[in-house]
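Novice: Here the UniProt record's numbering is used: position 90 in the sequence shown is 90, and no number is missing along the way.
Hints in this document: simulated from the structure, not taken from any laboratory. The beta-carbon is built from N, C-alpha and C at its ideal position, and this holds for glycine as well. Please note that the accuracy of each hint is not assured.
Distance windows between CB atoms, simulated [as the list claims (entries may be wrong)]:
id	residue 1	residue 2	range
1	E210	D80	34 to 40 Å
2	R73	E197	19 to 25 Å
3	D11	I76	22 to 28 Å
4	H83	K55	25 to 31 Å
5	K55	E210	32 to 38 Å
6	T12	K172	19 to 25 Å
7	T6	G201	25 to 31 Å
8	K171	S251	28 to 34 Å
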Amino acid sequence: MLHYKTYELPDTDAPWVVFVHGAGGSSSIWFLQIKEFIKHFNVLLVDLRGHGKSKHIVTFKEDRHYNFEDITRDIIEVLDELHIDKAHFIGISLGTILIRNMSEIAPDRVSSMIMGGAIIRLNIRAKVLVTLGNMFKRVVPYMWLYSFFAWIIMPRERHKKSRLLFVNEAKKVAQKEFMRWFRLTYELTPLLKYFEEKDTGIPTLYLMGEEDHMFLPAVRLIITRHTNSWLEVISDSGHVCNVDQPREFNSRAIAFVKKMDTISARECEAGLPQLAVC
Numbered sequence: 001m002l003h004y005k006t007y008e009l010p011d012t013d014a015p016w017v018v019f020v021h022g023a024g025g026s027s028s029i030w031f032l033q034i035k036e037f038i039k040h041f042n043v044l045l046v047d048l049r050g051h052g053k054s055k056h057i058v059t060f061k062e063d064r065h066y067n068f069e070d071i072t073r074d075i076i077e078v079l080d081e082l083h084i085d086k087a088h089f090i091g092i093s094l095g096t097i098l099i100r101n102m103s104e105i106a107p108d109r110v111s112s113m114i115m116g117g118a119i120i121r122l123n124i125r126a127k128v129l130v131t132l133g134n135m136f137k138r139v140v141p142y143m144w145l146y147s148f149f150a151w152i153i154m155p156r157e158r159h160k161k162s163r164l165l166f167v168n169e170a171k172k173v174a175q176k177e178f179m180r181w182f183r184l185t186y187e188l189t190p191l192l193k194y195f196e197e198k199d200t201g202i203p204t205l206y207l208m209g210e211e212d213h214m215f216l217p218a219v220r221l222i223i224t225r226h227t228n229s230w231l232e233v234i235s236d237s238g239h240v241c242n243v244d245q246p247r248e249f250n251s252r253a254i255a256f257v258k259k260m261d262t263i264s265a266r267e268c269e270a271g272l273p274q275l276a277v278c
């Protein structure tokens, strides 16, 4: 099972919030969120397979190669272990893809989704990066590739903190494990196309940095096509907006979860049809 950590409030009715990090990171990237969120919610942090303190999971899982569904079911396994029937999910970067996949595999477990630095579609630059990565992944040290990608996605000086955080976390991932994760890029385009075409109706807040030029344009488009989807752009922030502007990220995310939880409670009491949140 994935390594996880929980923070529980004395109030047994407090909603759960599950944080999902991106590729190359770990649950430690949420260190600027934990203090604020545990004031209001029960919190679950997970380290995805091969990352952080979940490196051991590769040894025990049968499949040498895995896909997004396998990784998503790892998270569901933790929810089952903790008897968490439903939660609000917060992700960053590739973690948003796993949350979106969760809404397909187990929609009844997802109260709402907060997508930070959401990956909705790969633009031309992103596709070129993925192609180059697959061409050179066996001849170029993986940390060179990762550092190069991090610089392309987070190029500005004010992105330096988040860029270094992700690069330093990626150094802890074994090269073989990095290769397994990189193979997932072959699945990205068809999976993202499917996500774009299908509207789950689950309340979704996209929190994007105004300088996230690689992924922000696609999010601006998708909120016009999907119901119950909202976009809030955070100033002076890049792709990893929870690190670049933690106060803004925290206040907006907390307000959204509280609002969705209040709506859910009212609709449940009234016996009304719910927006996948009851």
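Novice: Please go over all the hints and tell whether each is borne out by the structure.
Specialist: Results of checking the hints against the structure:
no. : hint                    : verdict
1   : E210 - D80: 34 to 40 Å  : holds (39 Å)
2   : R73 - E197: 19 to 25 Å  : holds (23 Å)
3   : D11 - I76: 22 to 28 Å   : holds (25 Å)
4   : H83 - K55: 25 to 31 Å   : holds (26 Å)
5   : K55 - E210: 32 to 38 Å  : holds (35 Å)
6   : T12 - K172: 19 to 25 Å  : violated (35 Å)
7   : T6 - G201: 25 to 31 Å   : holds (29 Å)
8   : K171 - S251: 28 to 34 Å : holds (32 Å)
Of the hints listed earlier, the one the structure fails to meet is number 6.
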